[in-house]
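Read off the chains here:
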Amino acid sequence: MNNKLDLSVDIAGVTLKNPITTASGTFAPREFAQFMDLSELGGVIVKGIANVPWEGNPTPRVAETYGGMLNAVGLQNPGVDYFIEHDLPYLEKSGTKIIVNIAGRTIEDYCEVVEKLADTNVDLLELNISCPNVKEGGIGFGTSPEMAAKVTREVKAHSRQPLIVKLSPNVTDIVEIAQAVAEAGADGLSLINTLVGMKIDVNSKKAVLANKIGGFSGPAIKPVAVRMVYQVAQAVDLPIIGLGGIMTGEDAAEFILAGADAISVGTASFANPRACIDIKEELINYMNKHGFKTIKEIQDAFKG
Amino acid sequence: MNNKLDLSVDIAGVTLKNPITTASGTFAPREFAQFMDLSELGGVIVKGIANVPWEGNPTPRVAETYGGMLNAVGLQNPGVDYFIEHDLPYLEKSGTKIIVNIAGRTIEDYCEVVEKLADTNVDLLELNISCPNVKEGGIGFGTSPEMAAKVTREVKAHSRQPLIVKLSPNVTDIVEIAQAVAEAGADGLSLINTLVGMKIDVNSKKAVLANKIGGFSGPAIKPVAVRMVYQVAQAVDLPIIGLGGIMTGEDAAEFILAGADAISVGTASFANPRACIDIKEELINYMNKHGFKTIKEIQDAFKG
Amino acid sequence: MGAKLENGVVISNDQIAKDIYSMFIKAPNIANSVEMPGQFINLYPKEKHTILPRPISICEVDSKEETIRVVYQVVGDGTGQFAKLKREDEIQVSGPIGNGFDISGDHREHLLVGGGVGVPPLLELSKRLKGNVTVVLGFRDEPYLIEDFEKYGAKVYVATESGKHGSKGNVLDILKQEDIKIDMAYSCGPKPMLKALNSWCQEKDIPVQVSLEERMACGIGVCVGCVCKKKDSGNKDGWSYKKTCTDGPVFMGSDVIWDE
Amino acid sequence: MGAKLENGVVISNDQIAKDIYSMFIKAPNIANSVEMPGQFINLYPKEKHTILPRPISICEVDSKEETIRVVYQVVGDGTGQFAKLKREDEIQVSGPIGNGFDISGDHREHLLVGGGVGVPPLLELSKRLKGNVTVVLGFRDEPYLIEDFEKYGAKVYVATESGKHGSKGNVLDILKQEDIKIDMAYSCGPKPMLKALNSWCQEKDIPVQVSLEERMACGIGVCVGCVCKKKDSGNKDGWSYKKTCTDGPVFMGSDVIWDE
Ligand SMILES: Cc1cc2nc3c(=O)[nH]c(=O)nc-3n(C[C@H](O)[C@H](O)[C@H](O)COP(=O)(O)OP(=O)(O)OC[C@H]3O[C@@H](n4cnc5c(N)ncnc54)[C@H](O)[C@@H]3O)c2cc1C
Ligand SMILES: Cc1cc2nc3c(=O)[nH]c(=O)nc-3n(C[C@H](O)[C@H](O)[C@H](O)COP(=O)(O)OP(=O)(O)OC[C@H]3O[C@@H](n4cnc5c(N)ncnc54)[C@H](O)[C@@H]3O)c2cc1C
Ligand SMILES: Cc1cc2nc3c(=O)[nH]c(=O)nc-3n(C[C@H](O)[C@H](O)[C@H](O)COP(=O)(O)O)c2cc1C
Ligand SMILES: Cc1cc2nc3c(=O)[nH]c(=O)nc-3n(C[C@H](O)[C@H](O)[C@H](O)COP(=O)(O)O)c2cc1C
Ligand code: FES
Ligand code: FES
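Residue numbers (numbering that gives the first Met the number 0), protein chains in the order written: chain A, 0 to 303; chain B, 0 to 303; chain C, 0 to 259; chain D, 0 to 259.
This is chain A alone, in the form it adopts within the complex:
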């Protein structure tokens, strides 16, 4: 590591020592501690946590596609109480910032989670508004500007920590959603969550996923993610965590050039359990090669 570089970034008042975070649902601290020192990360974003345990979907839950993957895990999680009791103490010792991704089927669900987290050492909250919402008939909160604003406003009113809202890319106009969420008081944005995809096994003639359709992630989707980060960064003045298909340090730099302040590594951690560390080192190499001293300098170097 180069001493002259300052990799730190500020996200809604919280300083991450570097811009590398772990995308929700693709990183489990204990498991990855087998392969890396967690304190090397800018922050750990844990998998979506709800107010009560969720069982998730039947199997098969995952499938590979050309340069990507599908998942229909269905947000299986042990609930916030279990998280606070079993996972948080481990994370507190890991020497990195703790960002909790929050799942919910109703606004009340979300609020219950953030209230329980208010008294903890969690640094940032990431609100996943791609969840199916039961009250409005299954339409994701993230697909209408009104719903997205409403859930943001209410959750913000109940939370102590800064609130990042993670947007769904499966919308006609991402900027409209981002603006609605910003006006409703979000302290930052994460984008993008998974696209929606499907794969059919031509031999068995069945959908590969038990749930038929699922979230589509990985390097295949990167151009959509870069485009959305760029469009939103032009229009909204909030810190952005960019993600979607980042596999290398140059991919990370591409998101920062597009306007991201930090990035998350998702599917890449399945392709290579040390991906976060490799990406950090490659980003440092990129910065040295191009004479960048800070992450902000990369961002400002974008020529359009």
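No lab work stands behind these hints: they were computed from the structure. Be a bit skeptical, because a hint or two may be false.
Some chain B residues close to chain A (C-beta under 7 Å, calculated; not the full set) [unchecked claim]:
| # | residue |
| --- | --- |
| 1 | T142 |
| 2 | V195 |
| 3 | M197 |
| 4 | K198 |
| 5 | I199 |
| 6 | V201 |
| 7 | K205 |
| 8 | V207 |
| 9 | A209 |
| 10 | V223 |
| 11 | R226 |
| 12 | Y229 |
| 13 | A257 |
| 14 | A300 |
Pairs of lysine to any residue residues, derived as SDA-like cross-links and limited to a Cα-Cα distance of at most 20 Å, are as follows [as the list claims (entries may be wrong)]:
| # | chain 1 | residue 1 | chain 2 | residue 2 |
| --- | --- | --- | --- | --- |
| 15 | A | K115 | A | W53 |
| 16 | B | K204 | A | Q233 |
| 17 | C | K47 | D | I90 |
| 18 | C | K129 | C | R107 |
| 19 | D | K235 | B | N56 |
| 20 | D | K83 | C | I90 |
| 21 | C | K230 | A | E54 |
| 22 | C | K229 | A | P77 |
| 23 | C | K154 | C | Q176 |
| 24 | A | K204 | B | S203 |
| 25 | D | K167 | D | G152 |
| 26 | B | K204 | A | D299 |
| 27 | A | K204 | C | G75 |
| 28 | A | K292 | B | S203 |
| 29 | A | K204 | B | K302 |
| 30 | D | K3 | D | Q14 |
| 31 | B | K204 | A | H289 |
| 32 | D | K230 | B | G55 |
| 33 | D | K85 | D | E65 |
| 34 | C | K45 | D | L84 |
Since the structure is predicted, the reported quantities are computational estimates derived from the model, not experimental observations. The beta carbon of each residue, even a glycine, is placed where N, CA and C say it ideally should be.
Mind docking chains B, C and D with the ligands on chain A? Use the hints.
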């Protein structure tokens, strides 16, 4: 080729000898005739034609991404009069069905094109509603159910040939758009057009495309396309031409299982100029291996 | 001890039956960390359009040579890439993963039942077991690894669906015909086989350990993609989802919810 | 004659300078169809995540051996894959593509100006030209193909930016210093070089043919991705878009709109 197979499909009353068509903008008959016999194709869908010549966008217009590509050609085309005079006579001798993809910036533009085509031997029309529409301030016709229905209804009223409407995937709810278009009188649907993507060159720190954002196609996007074909086929009773990332005969079979009646080969023709023919042969092999005699049998074999 | 990630070096990679390859990989950290037979490794395909690791059972481990042996069938893109690897090529590997077969008990009469690509992990198991080992293996057409089992002193029965080798039929047919003494059964193979064996063992009151297979993404206990239903007080229906990769792949047959 | 598509077979593939490779490909149909120097071929990368062909100029064609020679620089993923090709490997090729240099006139004093990876197509050109051939080549650091040009009787000047070889500076510096007789100039290289050369030639009233480069998708005249602006009555501003791949890559310098 196996004599016992019947590859023919019916699209809105027009019989294609096989389900393989060429995606608009990715196939030029004279150029591909260097590599194949055009009469082997089910149909040729020509690149988007407008009422007057369009100049298109500045360069760079194309870029490669991980398993895909971006284009911002900007629908450069020589206009319908030139098409009828110079390209149509060639196509009429090619021994395959002629499908004309129609571009327009206003509803009047579209109507002018289909009126001029009414007296020709063109077999089918494919309406591209992803074009930016100038009258409503640049928003694509294809992103709102009302606009999509309106343009469909009016163009249908002016056209002699059956009208396939090609949908944009960059929408929150593809089914809603498909239903609106169906109710407005479309005779069939093509899906999907390109996603919207962006790529930044981390060395030059500039967007690779002069237009910055562009249409994203190729195998990377296939899971989104299969999902949309599946969702629309469940909800709408119209013939579907499925496309988006088809590279092999098994990919073609996957779209047919999802509900497509025919398929188009797009970016694959750049990766391999004989892709259409190879895909046809692989589809035949697939049918023989699984004992399918007709395309309908593949479709009916889908187990969900 | 935990899983390791390392660049393994291919020592050999030979075809041993139709579409079946046997590969020895030098991977010292992983070879030295294997704790139980029935654990597996993840092999990472090199071509960039394939992004997920492929889980493959450890067939044998040689701690002196620091090698892992895997025996795998070419079924798709990833295993197709593995088949092209040559001596001295590198391949990324993580492992060892999972809870393997429990051999800590004092059983003496062991029955090992394998089907298809479920056969390989039973080889390391048969090496480590103390007592009498009977191995019943089912294949579609062409058997493999038979001599390897015999080399380590196991009595081997073979069934093939086609009847080309061994007796025609499946492993259950053999179990019903032969009179094998069994204190503990161990099995790996297709789910229908495991299910039938589990029922048979239940009738005879024989404990059976089964190694399950599920579609995996991470292969290291992170994505919760690979779950299976295990009986416990986890929910009102008396089961909870367990990760096949790290909670399994081996479970007691009596703990598994089979009804799917 | 039209373009062909075939599986070429690599005859040799050798590094000839830093990051520069010279590859001979046996491709009979294509080799026998080359009509003009300055045409190019499309090489299709094998790894599946790279889906577009890479346009590479024909450096030499040997119709007896039925081979095409290409000289290419490794700059990214596709050319990186080409560099790994070995004798007897197959690679898909389409070509020959495009309008090359016009050598049908009766000019006797030829000036060929090349920069970087624009140098290779000038070699076949220099072989085919009748009369006196002067070649002025510019490189960043390390020249290549010099002996090849000399072998065919050309007088060669070399400039490098670093000054390590030849004279320090660029090709224009050489043109201004030396007194070269010229009836027709031909050039391939970076756009700023072509533009400067075009201006210089215009001043001296020398006709110049330039080979342009643009990002391509199909490489065969289909996608309209690769256009450049050519003067004509096509639109009100007096130009129209032409396809660099099949209308070009060679145009008369005086026909090109340079202002970008
Ligand atoms: C714990 C475990 C141990 C295994 N041990 C062996 C072994 O020793 N020998 C052997 O030949 N095979 C074994 N398998 C099966 C092996 O993992 C698959 O055959 C292999 O992943 C297929 O990859 P592919 O790319 O060739 O096939 P593709 O069909 O192209 O794979 C596409 C995707 O599906 C997954 N997939 C495909 N088939 C299976 C399957 N049967 N199980 C799980 N995932 C699958 C792949 O991992 C990949 O992500 C094991 C599976 C598990 C879960
Ligand atoms: C008509 C023509 C002739 C050429 N002849 C030669 C030659 O003889 N020798 C040689 O070394 N190079 C030549 N080039 C440039 C060569 O095509 C690129 O260097 C090559 O495509 C880079 O591919 P890559 O995958 O290594 O780079 P990447 O940057 O990974 O390529 C990504 C994409 O951009 C395209 N691309 C990148 N650089 C260029 C470029 N400079 N021009 C056009 N497309 C580009 C690629 O084709 C690919 O689609 C020629 C280009 C053209 C248009
Ligand atoms: C297996 C899996 C589980 C995921 N779970 C969550 C989740 O719980 N909450 C969430 O907001 N996003 C979740 N995601 C989405 C990722 O955090 C990320 O937004 C997406 O995968 C795109 O990034 P990538 O291409 O780098 O993976 C999940 C993704 C995967 C692959
Ligand atoms: C270079 C290029 C030009 C295109 N032009 C058109 C067009 O004129 N009209 C249209 O409806 N679609 C156009 N498309 C979209 C394709 O027809 C197709 O819908 C899309 O590329 C997805 O298919 P694919 O992944 O197989 O390429 C174009 C695509 C490309 C790559
Ligand atoms: S495969 Fe990811 S948790 Fe088991
Ligand atoms: S590269 Fe496609 S037309 Fe020239």
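Hints, verified against the model:
1. For the restraint placing B/T142 at the interface with chain A, the shortest Cβ-Cβ distance is roughly 5 Å, inside the 7 Å limit, so the hint holds.
2. A distance limit of 7 Å between C-beta atoms decides the matter here; for B/V195 the minimum to chain A is near 6 Å, and the interface restraint holds.
3. Among the interface hints, the one on B/M197 holds; its C-beta lies about 4 Å from the nearest C-beta in chain A, closer than the 7 Å criterion.
4. Taken as an interface hint, B/K198 checks out: its beta carbon lies about 6 Å from the nearest beta carbon of chain A, inside 7 Å.
5. Because the beta carbon of B/I199 sits about 5 Å from the nearest beta carbon in chain A, less than 7 Å, this interface hint is met.
6. The criterion of a C-beta within 7 Å of any C-beta in chain A is met by B/V201, whose closest approach is roughly 5 Å, and the hint holds.
7. Using the Cβ-Cβ criterion of 7 Å, the hint placing B/K205 at the interface with chain A is satisfied: the shortest such distance is roughly 5 Å.
8. With a least beta-carbon distance of about 10 Å to chain A, the hint placing B/V207 at the interface is violated under the 7 Å criterion.
9. Given the 7 Å rule on beta carbons, the hint for B/A209 is violated: about 10 Å separates it from the nearest Cβ of chain A.
10. Taken as an interface hint, B/V223 checks out: its beta carbon lies about 5 Å from the nearest beta carbon of chain A, inside 7 Å.
11. Residue-level restraint check for B/R226 holds (minimum Cβ-Cβ distance to chain A is 4 Å; threshold 7 Å).
12. For B/Y229, the interface hint holds, since its Cβ comes within 7 Å of a Cβ in chain A; the closest pair sits about 6 Å apart.
13. Residue-level restraint check for B/A257 holds (minimum Cβ-Cβ distance to chain A is 6 Å; threshold 7 Å).
14. Taken as an interface hint, B/A300 checks out: its beta carbon lies about 5 Å from the nearest beta carbon of chain A, inside 7 Å.
15. Restraint check for A/K115 and A/W53: the C-alpha separation of about 17 Å stays at or below 20 Å, so the hint holds.
16. The straight-line distance between the Cα atoms of B/K204 and A/Q233 is roughly 16 Å, inside the 20 Å bound, and the hint therefore holds.
17. Pair hint C/K47 plus D/I90 holds up; C-alpha atoms about 19 Å apart against a cutoff of 20 Å.
18. Under the criterion of a C-alpha separation no larger than 20 Å, the hint pairing C/K129 with C/R107 is consistent with the structure, at around 7 Å.
19. Among the hinted pairs, D/K235 with B/N56 is consistent with the structure: their alpha-carbon atoms are about 16 Å apart, no more than 20 Å.
20. Using a Cα cut-off of 20 Å, the hinted pair D/K83 and C/I90 holds, with the two alpha carbons roughly 18 Å apart.
21. Distance hint between C/K230 and A/E54 is fulfilled; the C-alpha atoms sit about 14 Å from each other, no more than 20 Å.
22. For the suggested pair C/K229 and A/P77, the alpha carbons sit about 16 Å apart, so the restraint of at most 20 Å is met.
23. Of the pairs offered as hints, the one joining C/K154 and C/Q176 holds, with about 15 Å between alpha carbons and a cut-off of 20 Å not exceeded.
24. For a cut-off of 20 Å, the pair hint linking A/K204 to B/S203 is broken: about 46 Å separates their Cα positions.
25. A threshold of 20 Å between alpha carbons decides the hint, and for D/K167 with D/G152 the separation of about 24 Å lies outside it, so the pair is violated.
26. Between B/K204 and A/D299, the direct Cα distance comes to roughly 10 Å. Compliance with the 20 Å bound is thereby established for this hinted pair.
27. Pair hint A/K204 plus C/G75 holds up; C-alpha atoms about 16 Å apart against a cutoff of 20 Å.
28. For the suggested pair A/K292 and B/S203, the alpha carbons sit about 17 Å apart, so the restraint of at most 20 Å is met.
29. Using a Cα cut-off of 20 Å, the hinted pair A/K204 and B/K302 holds, with the two alpha carbons roughly 6 Å apart.
30. Of the supplied pair hints, the one linking D/K3 and D/Q14 is violated, its CA atoms being roughly 27 Å apart against a limit of 20 Å.
31. With a C-alpha separation of about 10 Å, the suggested pair B/K204 and A/H289 falls inside the 20 Å cut-off, and the hint holds.
32. With a CA separation close to 17 Å, the supplied pair D/K230 and B/G55 stays within the 20 Å bound.
33. Restraint check for D/K85 and D/E65: the C-alpha separation of about 18 Å stays at or below 20 Å, so the hint holds.
34. Restraint check for C/K45 and D/L84: satisfied, since their Cα atoms lie roughly 17 Å apart, inside the 20 Å limit.
Of the numbered hints listed earlier, those contradicted by the structure are 8, 9, 24, 25, 30.
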